[in-house]
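Colleague: Those protein sequences? They're chains A and B, same order as listed.
Each residue of the first sequence is one higher than the one before, counting from 1 in the numbering used here.
Each residue of the second sequence is one higher than the one before, counting from 1 in the numbering used here.
What the hints contain is simulated information worked out from the structure, not anything from laboratory work.
On a predicted model such as this, the values are computed, not experimentally measured, just so you know.
Treat each hint with caution, since some may be false.
Pairs count within a copy or across copies, as identical chains cannot be separated in the list.
Straight line, CA to CA, 20 Å or less: simulated SDA-like cross-link-like pairs of lysine to any residue [what the hints assert, rightly or not]:
hint, residue 1, residue 2
1, Lys212, Gly122
2, Lys422, Ala390
3, Lys152, Val242
4, Lys227, Gly402
5, Lys212, Val242
6, Lys212, Ala239
7, Lys152, Leu99
8, Lys227, Leu99
9, Lys174, Gly425
In case you want the letters, here they are:
Number of protein chains: 2
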Amino acid sequence: MTTTDRLREIVGADFIRTDEAARAAYGQDALKRGHPPDVVVLPANTAEVAAIAKFCDDTRTPLVPRGGGTGYTGGAVPVRGGVVLSLERLNRILEIDELNLLAVVEPNVITGDLQDAVERVGLFYPPDPASLRQSVIGGNVAECAGGPRAFKYGVTKQYVLGLEAVLPTGEIVKTGGKVVKNVVGYDLTHLLVGSEGTLAIITQVILRLVPKPPVQATLRAIFPSVKHAVDAVTRLIRARVVPATLEIIDGDSLDAVAQYLNVRSLAPARTAALLLIEVDGLSEQVSGEATRVEESCRDAGAMTLLRAANDAERQELWRVRREISLALKTIKPLKFNHDVVVPKGRVPELFALVDTLRDRFGLRIPCFGHVGDGNIHVNIMAADDATEIARAHEAERVLFEGVVALEGSISGEHGIGFAKAKYLGIELTPETIALMKRVKAAFDPHGILNPGKIFPDEVAQ
Amino acid sequence: MTTTDRLREIVGADFIRTDEAARAAYGQDALKRGHPPDVVVLPANTAEVAAIAKFCDDTRTPLVPRGGGTGYTGGAVPVRGGVVLSLERLNRILEIDELNLLAVVEPNVITGDLQDAVERVGLFYPPDPASLRQSVIGGNVAECAGGPRAFKYGVTKQYVLGLEAVLPTGEIVKTGGKVVKNVVGYDLTHLLVGSEGTLAIITQVILRLVPKPPVQATLRAIFPSVKHAVDAVTRLIRARVVPATLEIIDGDSLDAVAQYLNVRSLAPARTAALLLIEVDGLSEQVSGEATRVEESCRDAGAMTLLRAANDAERQELWRVRREISLALKTIKPLKFNHDVVVPKGRVPELFALVDTLRDRFGLRIPCFGHVGDGNIHVNIMAADDATEIARAHEAERVLFEGVVALEGSISGEHGIGFAKAKYLGIELTPETIALMKRVKAAFDPHGILNPGKIFPDEVAQ
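Isolated chain A, as found in the complex (with noise of 0.2 Å):
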């Protein structure tokens, strides 16, 4: 029987693609760089996740779990063919639990629709990725979704409680629950986060919510260096203020969105460096907290300071922030988009390391970010051709290297996948690698499972 007969049989006829528009379009993410599955399967639910599973393992096929495909690192695409697992029919919401603050999903609700049912309800789900009306939550799981309110809320693995997931030998699996506290055996729970669809396929999440912050205050000040805009952030978090957001956004990345919206004001000249900062709770006390705000970045020598004073003016100021993706695409058609990430003392030096990067490799970098978590997306911007790319792979090697000497990381919110995979020994010894390969196999022992991921020689084979 073949691969697809066997499929076929278990999710049914309409539930299996060949065809190449869909092999095509399964085979890449938002990277843009993959390979074609041989099938796509849609299974309709953990079951039919195991019997797939099952399958792959005794005959050895590749086998992708993917969720909304909006990943940048490739972790959702195949790189040996195989099948595409997409769990795009597992959509639904379970249950939203007001009492016991708690949400059960399938992995493919996409994440802004549980925002936006949680909310209704006066909840919250704080992780928000960029892409967070695209994204699943399975996927943002897989990956460990950050996103701008990470400072104050931290990431998606401060909300995960517990997974049903299936292995990829085809056992089912549940690993914590539903309670905040769980200390039965090993913490698989938060092992399976952020482990890049590498170790098992996450068929229903268990998510802690909070109560949503009933009113934000919004703040923008601007800044002519990035040092002194990294002090205002020092001031603040030596006032003791913990705002939602902390975004900064450098003068290159705000000359791209001034030019390409035709809107010189959204950049004032000397910019270099501008702060985006939010800050939420109860009305009592999101005013003292956005006075302090204000003070520490006057403090640190801010040109100009605007307050948000309704929510129209709160969305202009957020505008110059989610206008950057499209913006820099207008200054070269190549984005290298890295994540990195440093204590936040020391973003001032990853600056400076990304400006002798400028200097040596001719290259635009705009860079932004989420200032209080030191994690900045830097982007290394390159014409589509052989010389160009080589350069802009050339600075991304000295660009993770600093990172890794500034006691830092060189992915905060990506992961690895397979485009950074030959990286990875930058950052982790060969123990450490090693001792994960062990673990992998622990899961997953005919490597079956998303392989070509996360791990150099695994790319290399």
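Assemble the complex: chain A is given as a structure, and chain B must be docked to it using the hints.
Modeller: Relative to chain A, chain B alone:
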């Protein structure tokens, strides 16, 4: 060369103990059951820990790491002799980084000492196990310690950013780091948290800190039934208040304290449940939240309601809670102290279950704990005689089965150790246990590290 000779070579003669008193002392923890080691070794640093592990692995000698020795499930005590490795000499706070909001510590820093040190600079390390003046950070990490503040602040897991650890085979690994976001490879950090010293020996910990909340308000409310008390909690949650602590004490526990201290007013007549509630934060917010707490308690039928006007009154309100452990000892000599957890909405069902156990087994079972987390300490009291002990064990099995039926977990704070290993299968499926054992083998191929813990058939060996 004997084990003792080789260990002496590694750490020096002054840091080996083989005398009976030491073997007895290091052969038990707060559970007061265990088995003496053949030798106790006190290494000075990570390199010595690694050399000890390598030797034990090569010679297949059981190796049991030990922190403060305050655990309730025998996690730090040998069940098969061998070597106890006490980390007591690794006891320094290496760094408190105010700007990056983190601390780097050796494992045997006493938790309360770290809290004092960070609070002196306006920071806060929230996890507050009852043992915080004796237990140490390394043990808190190994067990994923909780405490009253977990409702608002989370458990130890939420504060561990990175670890240095020695594998049973002697390799030194570093996981995570000084950044709050890191998605490079598998999250070994959080796999080690709560692994009860069975996967690796923790030799350094990087902890996240938060700003110290400047103001607290402490309230006490007394209710005619557990149901009334839980109703108050529900109302609080619906009012979107997030107290730092939400402790419940049942009538049986209150009676024990009142009798022990001979202060009848501590347990007013007809009290079935007492709530101790603390809100913290900025002063702007705390007084508003305290008022909402009072409203919620009053609306739920509180018989009396107190709010501490100053720190002396606050300490007085906490006094009942602090004296429970000592008071219970006066009831019966043996206390089977369980830390079960259910979704908080099901706490009344848990108390109803305990009532049936009291009737059926004729035992006193005072209960108290962290009602906001649904995490209740159920103390099955017994005389030191065989039939009563047998009844207590029967009651605990029925308790665990009932808790799992309520979508809960058999341990929210204390872990499994060897004391609860035989009950693991009540909560976890054979597939999940088998997977955890494969993970164990990935770290500890020869099974030398802390053998006989967590897994049921290990105990039977």
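Colleague: Could you run down the list of hints and mark each one as holding or not?
Modeller: Hints, verified against the model:
| no. | hint | verdict |
| --- | --- | --- |
| 1 | Lys212 to Gly122 | within (5 Å within a copy, 27 Å between copies) |
| 2 | Lys422 to Ala390 | within (15 Å within a copy, 59 Å between copies) |
| 3 | Lys152 to Val242 | both (6 Å within a copy, 15 Å between copies) |
| 4 | Lys227 to Gly402 | within (18 Å within a copy, 58 Å between copies) |
| 5 | Lys212 to Val242 | both (16 Å within a copy, 11 Å between copies) |
| 6 | Lys212 to Ala239 | between (24 Å within a copy, 11 Å between copies) |
| 7 | Lys152 to Leu99 | between (23 Å within a copy, 15 Å between copies) |
| 8 | Lys227 to Leu99 | between (45 Å within a copy, 15 Å between copies) |
| 9 | Lys174 to Gly425 | between (32 Å within a copy, 13 Å between copies) |
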